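K.L.:
Between the sequences and the hints, there should be enough to build the whole structure, so can you do that?
Number of protein chains: 2
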Amino acid sequence: MPPKNKVVVTMRLPESAQRLLEADKSPTEYSQHNAEQPCSRLWLLNEIKGAHGVLLGVYDKVDEELLDAAGDQLKVISTFSVGTDHVDRELLKQRNIRLGYTPTCLTDSVADISVMLVLMAQRRARESIARVTAGQWPQMPWHPSLMIGPDIRGSTVAFLGFGRIAQATLKRLIGFGIKDARYLTSKPGQPVQEDHFGLIRDAAVPVQPVKDLKELASCGDVVIVSCALTPSTFHIVNASFFAEMKKTAVLVNIARGPVVDTDALVDALQQEQIFGAGLDVIEGEPEIAKGHPILRQERCVLLPHIGSATIKTREQMAEECVKNLWAGLNGDAMVNEASL
Amino acid sequence: MPPKNKVVVTMRLPESAQRLLEADKSPTEYSQHNAEQPCSRLWLLNEIKGAHGVLLGVYDKVDEELLDAAGDQLKVISTFSVGTDHVDRELLKQRNIRLGYTPTCLTDSVADISVMLVLMAQRRARESIARVTAGQWPQMPWHPSLMIGPDIRGSTVAFLGFGRIAQATLKRLIGFGIKDARYLTSKPGQPVQEDHFGLIRDAAVPVQPVKDLKELASCGDVVIVSCALTPSTFHIVNASFFAEMKKTAVLVNIARGPVVDTDALVDALQQEQIFGAGLDVIEGEPEIAKGHPILRQERCVLLPHIGSATIKTREQMAEECVKNLWAGLNGDAMVNEASL
Numbered sequence: 032m033p034p035k036n037k038v039v040v041t042m043r044l045p046e047s048a049q050r051l052l053e054a055d056k057s058p059t060e061y062s063q064h065n066a067e068q069p070c071s072r073l074w075l076l077n078e079i080k081g082a083h084g085v086l087l088g089v090y091d092k093v094d095e096e097l098l099d100a101a102g103d104q105l106k107v108i109s110t111f112s113v114g115t116d117h118v119d120r121e122l123l124k125q126r127n128i129r130l131g132y133t134p135t136c137l138t139d140s141v142a143d144i145s146v147m148l149v150l151m152a153q154r155r156a157r158e159s160i161a162r163v164t165a166g167q168w169p170q171m172p173w174h175p176s177l178m179i180g181p182d183i184r185g186s187t188v189a190f191l192g193f194g195r196i197a198q199a200t201l202k203r204l205i206g207f208g209i210k211d212a213r214y215l216t217s218k219p220g221q222p223v224q225e226d227h228f229g230l231i232r233d234a235a236v237p238v239q240p241v242k243d244l245k246e247l248a249s250c251g252d253v254v255i256v257s258c259a260l261t262p263s264t265f266h267i268v269n270a271s272f273f274a275e276m277k278k279t280a281v282l283v284n285i286a287r288g289p290v291v292d293t294d295a296l297v298d299a300l301q302q303e304q305i306f307g308a309g310l311d312v313i314e315g316e317p318e319i320a321k322g323h324p325i326l327r328q329e330r331c332v333l334l335p336h337i338g339s340a341t342i343k344t345r346e347q348m349a350e351e352c353v354k355n356l357w358a359g360l361n362g363d364a365m366v367n368e369a370s371l
Numbered sequence: 032m033p034p035k036n037k038v039v040v041t042m043r044l045p046e047s048a049q050r051l052l053e054a055d056k057s058p059t060e061y062s063q064h065n066a067e068q069p070c071s072r073l074w075l076l077n078e079i080k081g082a083h084g085v086l087l088g089v090y091d092k093v094d095e096e097l098l099d100a101a102g103d104q105l106k107v108i109s110t111f112s113v114g115t116d117h118v119d120r121e122l123l124k125q126r127n128i129r130l131g132y133t134p135t136c137l138t139d140s141v142a143d144i145s146v147m148l149v150l151m152a153q154r155r156a157r158e159s160i161a162r163v164t165a166g167q168w169p170q171m172p173w174h175p176s177l178m179i180g181p182d183i184r185g186s187t188v189a190f191l192g193f194g195r196i197a198q199a200t201l202k203r204l205i206g207f208g209i210k211d212a213r214y215l216t217s218k219p220g221q222p223v224q225e226d227h228f229g230l231i232r233d234a235a236v237p238v239q240p241v242k243d244l245k246e247l248a249s250c251g252d253v254v255i256v257s258c259a260l261t262p263s264t265f266h267i268v269n270a271s272f273f274a275e276m277k278k279t280a281v282l283v284n285i286a287r288g289p290v291v292d293t294d295a296l297v298d299a300l301q302q303e304q305i306f307g308a309g310l311d312v313i314e315g316e317p318e319i320a321k322g323h324p325i326l327r328q329e330r331c332v333l334l335p336h337i338g339s340a341t342i343k344t345r346e347q348m349a350e351e352c353v354k355n356l357w358a359g360l361n362g363d364a365m366v367n368e369a370s371l
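Read top to bottom, the protein sequences are chains A and B. For the numbering used here, add 31 to where a residue sits in the first sequence, where the first one is 1. For the numbering used here, add 31 to where a residue sits in the second sequence, where the first one is 1.
Do not rely on the hints blindly, as some may be mistaken.
Same chains, same names: a pair is fine if it fits in one copy or spans any two.
[As the list claims (entries may be wrong)] DMTMM-like mimics (lysine to aspartate or glutamate), calculated; alpha carbons at most 25 Å apart, straight line:
no.: 1; residue 1: 343; residue 2: 55
no.: 2; residue 1: 210; residue 2: 226
no.: 3; residue 1: 92; residue 2: 119
no.: 4; residue 1: 354; residue 2: 314
Treat the hints as calculated values from the structure; they're not laboratory data. Treat the numbers as computed from the prediction; the structure is a model and nothing was measured.
P.N.:
As structure tokens, this is what we get:
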């Protein structure tokens with residue numbers, strides 16, 4: 032009889048994934064925080080003692096404290112996310128703990144949100160809805176310049192980071208008549224390795240790397256932040272970046288909050304250095320309380336990190352997480368394993 | 032020397048169009064309501080006396096009263112819109128008055144808004160923004176089902192009316208991985224005559240006519256209202272229509288408000304017969320005061336009729352309106368003339 036595994040799950044899972052979790056026949060002790068509210072840090076630190084596998088989310092920090100609390104038997108962390116910046120990967124490597132994640136199945140949902148944010152920032156959706164909802168439409172009668180914004184047609188779209196989600200976003204934007212796309216990766220000026228959807232090969236519009244951050248900031252009518260958060264991308268979009276952007280340009284962030292310096296963004300919006308912004312993520316989320324300066328910027332749309340929040344995507348992410356967890360425990364191949 | 036023309040313009044025009052208006056060298060008397068506030072009906076009834084041409088917008092009703100006030104010399108109405116439901120076309124025909132409009136240059140801008148509204152209705156953008164703006168994000172921490180909505184990928188998109196704007200919307204949606212498209216026109220079951228962007232010929236997804244309204248309502252994961260407002264389309268989307276729709280479907284209206292029965296829409300949202308709605312237009316606009324029942328529906332995004340509100344589109348619309356006006360006065364060919 033194999034030794035009994037202990038598994039910790041920090042969240043309630045969609046039904047299909049929960050069934051998959053419970054279908055496992057091996058002797059296992061479960062500890063699941065089966066609630067809509069997230070578990071506390073204390074709960075996790077307690078429950079993880081003696082665990083062999085943990086399924087957790089982006090707000091559960093995986094650091095030395097947590098790994099020490101778990102103990103040496105811990106074999107696998109399975110995170111419900113494409114980003115792994117909440118995980119100390121170096122430490123996992125040292126301790127020989129495997130990391131599962133979900134990089135592929137949320138591509139479409141996040142790319143959809145990315146396009147939605149581009150359009151909302153350009154077309155002043157937040158201002159429009161706020162005024163109509165406040166009953167002000169009768170006092171804002173029609174005239175040719177009412178609520179006008181820049182056109183997506185004919186625009187240059189600049190991607191900071193050009194991985195799968197960025198390319199899926201570009202794939203959607205081509206139908207809107209954009210002029211071209213530029214991108215900057217960790218290898219400036221070099222063509223990207225992976226052409227996930229054949230966009231570069233088939234070239235419905237020109238797609239070219241730029242040589243540096245300054246060129247990226249200044250060329251874009253739309254700038255989309257779609258890179259991983261690492262020490263070298265922290266606050267890479269800052270006051271100098273905004274100073275290079277066009278006054279009619281919009282900034283969209285669907286990556287991780289800390290890539291953008293929020294204070295600098297507030298200033299850029301306030302001083303009309305840029306036209307608008309659309310954010311699915313922000314530094315310090317979810318602790319964005321009333322009175323946060325970004326909330327006063329009417330030209331900034333801020334969503335509560337719902338990029339992957341579609342019914343099908345969340346089901347698929349959860350199922351993959353469970354599969355990654357079992358694979359980690361059993362020494363099998365994961366659906367997607369991060370190389371540490 | 033030709034007789035002096037009198038021209039009435041009910042709005043302030045973008046600069047390029049204003050220059051075009053003033054560049055005309057023929058002897059002309061101008062009366063322009065050059066303000067952001069719209070002209071009053073009384074102003075228009077007074078100024079139109081003796082006019083040969085009028086440039087006006089969707090909120091300026093062209094009826095018997097107005098034409099009688101103008102007098103027999105009136106030659107041309109140039110409307111700043113694609114829709115002409117504010118104009119009594121039969122009466123213009125009887126009186127031999129030409130009608131210019133702008134059916135082509137706003138296609139892209141309106142199709143962009145159409146896609147934006149589809150995504151916003153599916154992805155709960157209004158609810159999300161409202162909560163974040165109210166400072167509630169800290170109380171709505173992440174869990175796998177937070178703010179989830181239906182997927183655009185794999186969906187059937189149903190168009191009520193399948194003209195240029197609807198087809199431009201479809202062109203954009205193909206990049207999002209939709210499954211197929213269905214449409215209903217004034218000739219049910221028959222293939223549409225004009226394939227504006229080669230979407231039917233090239234068929235990246237199947238595009239088929241449906242036989243009746245019931246089939247249209249029931250097949251769509253997304254239903255887009257994109258037909259002209261006529262006596263036969265008034266309230267064509269009503270309680271029976273909503274009763275046929277899927278619970279996970281969204282309704283988008285980028286056409287004219289009265290095509291949709293607002294009371295029935297409020298009921299459908301209230302009773303969760305449909306998932307959400309996105310409206311750029313609504314019956315009775317712009318008189319949507321605080322307390323209007325649609326404003327209480329968090330799953331309904333309502334925009335203040337900004338479909339064509341981009342900088343370039345509004346400039347182009349205004350220039351075409353001026354050209355249509357001069358063509359009407361001089362007996363020349365218009366950029367776009369409505370056949371009466």
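K.L.:
Give the relationship of residue 92 and residue 119 under a CA distance limit of 25 Å: within one copy only, between copies only, both, or neither.
P.N.:
Within one copy only: 8 Å inside a chain, 66 Å across chains, cut-off 25 Å.
K.L.:
Between residue 210 and residue 226, at a C-alpha cutoff of 25 Å, which is it: within one copy, between copies, both, or neither?
P.N.:
Classified as both: same-chain Cα gap 19 Å, cross-chain 24 Å, threshold 25 Å.
K.L.:
If the cutoff is 25 Å on CA atoms, where do residue 343 and residue 55 land: within, between, both or neither? Let me know, please.
P.N.:
within (23 Å within a copy, 59 Å between copies)
K.L.:
Have a look at residue 354 and residue 314 and pick one of within, between, both or neither, based on CA distance no larger than 25 Å.
P.N.:
neither (31 Å within a copy, 51 Å between copies)
Of the hints listed earlier, the one the structure fails to meet is number 4.
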